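**Q** In order, the protein sequences belong to chains A and B.
Be aware that the first sequence starts at 1, since it is given in our numbering, and climbs by one per residue.
Be aware that the second sequence starts at 1, since it is given in our numbering, and climbs by one per residue.
In short, the hints are calculated from the structure, not lab data.
Computed from a predicted structure; not experimentally measured.
Mixed in with the good hints, there may be bad ones.
Claimed, not checked - Just some of the chain A residues that point at chain B, by a computed CB distance under 7 Å:
1) Val12
2) Gln15
3) Val32
4) Ser136
5) Phe143
6) His155
7) Tyr169
Virtual Cβ for every residue (Gly too), placed ideally from N, Cα, C.
There are 2 protein chains.
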Amino acid sequence: MTTSLYDTSIPVFKQMLGGLGVVLAKAEAHAVEKKIDPEALLQARLFPDMFPLVRQVQIACDFARSVPTRLAGAEVPAYDDKAQTFEELRALIAKTTAYVDSFTPAQFEGSAQREIITRKGTPKERRFSGQSYLLSYGLPQFFFHVTTAYALLRHNGIEIGKRDYMGAY
Amino acid sequence: MTTSLYDTSIPVFKQMLGGLGVVLAKAEAHAVEKKIDPEALLQARLFPDMFPLVRQVQIACDFARSVPTRLAGAEVPAYDDKAQTFEELRALIAKTTAYVDSFTPAQFEGSAQREIITRKGTPKERRFSGQSYLLSYGLPQFFFHVTTAYALLRHNGIEIGKRDYMGAY
Numbered sequence: 001m002t003t004s005l006y007d008t009s010i011p012v013f014k015q016m017l018g019g020l021g022v023v024l025a026k027a028e029a030h031a032v033e034k035k036i037d038p039e040a041l042l043q044a045r046l047f048p049d050m051f052p053l054v055r056q057v058q059i060a061c062d063f064a065r066s067v068p069t070r071l072a073g074a075e076v077p078a079y080d081d082k083a084q085t086f087e088e089l090r091a092l093i094a095k096t097t098a099y100v101d102s103f104t105p106a107q108f109e110g111s112a113q114r115e116i117i118t119r120k121g122t123p124k125e126r127r128f129s130g131q132s133y134l135l136s137y138g139l140p141q142f143f144f145h146v147t148t149a150y151a152l153l154r155h156n157g158i159e160i161g162k163r164d165y166m167g168a169y
Numbered sequence: 001m002t003t004s005l006y007d008t009s010i011p012v013f014k015q016m017l018g019g020l021g022v023v024l025a026k027a028e029a030h031a032v033e034k035k036i037d038p039e040a041l042l043q044a045r046l047f048p049d050m051f052p053l054v055r056q057v058q059i060a061c062d063f064a065r066s067v068p069t070r071l072a073g074a075e076v077p078a079y080d081d082k083a084q085t086f087e088e089l090r091a092l093i094a095k096t097t098a099y100v101d102s103f104t105p106a107q108f109e110g111s112a113q114r115e116i117i118t119r120k121g122t123p124k125e126r127r128f129s130g131q132s133y134l135l136s137y138g139l140p141q142f143f144f145h146v147t148t149a150y151a152l153l154r155h156n157g158i159e160i161g162k163r164d165y166m167g168a169y
């Protein structure tokens with residue numbers, strides 16, 4: 001078996017990043033229209049020990065970059081994005097989408113069988129095949145943060161719907 | 001290309017249903033321990049026009065059943081589960097997991113290329129390949145409701161973590 005995971009990963013990340021961008025744009029417009037301090041949304045949390053919106057978006061973008069990178073057999077750099085405003089989050093999503101889009105199917109050849117090691121050298125080290133890394137780890141993590149960002153904004157009264165979350169498909 | 005989507009779908013649904021079961025079990029135990037009326041959690045919503053917990057779980061189970069069923073080329077029956085209590089939700093998740101587990105790789109042969117039509121005969125009719133149906137529609141929908149159930153319980157103070165959401169992998 002030499003299945004490529006390109007089709008199982010790249011279009012999904014692009015679609016959902018698009019949805020996340022729509023959701024954030026509506027939140028930003030809502031803040032402007034209602035004269036809400038953008039920080040009230042950007043720093044909103046569903047519970048005190050959960051991450052605020054801004055961090056949910058950052059982590060979603062981290063997974064959207066690191067998962068394809070690992071599948072393609074490259075090293076994942078440390079992401080040190082400090083996006084804090086709606087404008088910066090928009091730029092982060094655009095940058096992330098362009099990065100995801102830059103992969104080619106050829107880079108994913110043999111990716112399903114590639115061994116991927118997470119948290120290497122730590123007690124939490126895990127070894128995956130590329131296939132299980134994507135499906136049992138990468139996508140569940142990515143969807144978690146994209147959906148939590150949505151839920152958090154919905155909870156704050158932003159008029160968004162599942163159609164926004166879903167992106168263009 | 002005659003890729004099968006068995007490996008791209010069945011293990012994911014099983015893993016995440018397992019996580020959903022853990023999250024609900026902790027919510028139920030929390031209600032008992034704190035002498036909280038279970039209905040306060042089961043009917044909790046993140047916003048008045050969002051679905052309550054009980055419905056989020058029902059819909060997650062609907063997708064976990066309907067997506068593999070369609071990929072296998074079978075008709076999707078109308079699900080009329082009326083699970084309302086923690087006990088009934090637990091039974092629904094068990095039933096759903098057993099159903100998902102009953103599929104065989106052979107049933108998914110050619111599933112990536114199979115034409116799948118949703119909301120057939122309605123203005124919202126959509127045609128997908130099996131591959132795009134799973135990746136651009138089925139999984140995003142399923143993860144949406146699983147994560148929203150988690151977020152809703154987290155918002156209500158249930159001590160759960162992403163590790164619970166992730167299930168066993």
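**Q** Hints first: check each against the structure and report whether it holds.
**A** Verification of the hints:
no.: 1; hint: Val12; verdict: holds (5 Å)
no.: 2; hint: Gln15; verdict: holds (6 Å)
no.: 3; hint: Val32; verdict: violated (21 Å)
no.: 4; hint: Ser136; verdict: holds (4 Å)
no.: 5; hint: Phe143; verdict: holds (4 Å)
no.: 6; hint: His155; verdict: holds (4 Å)
no.: 7; hint: Tyr169; verdict: holds (4 Å)
Violated hints amount to a single one, hint 3; each of the other numbered hints is respected by the structure.
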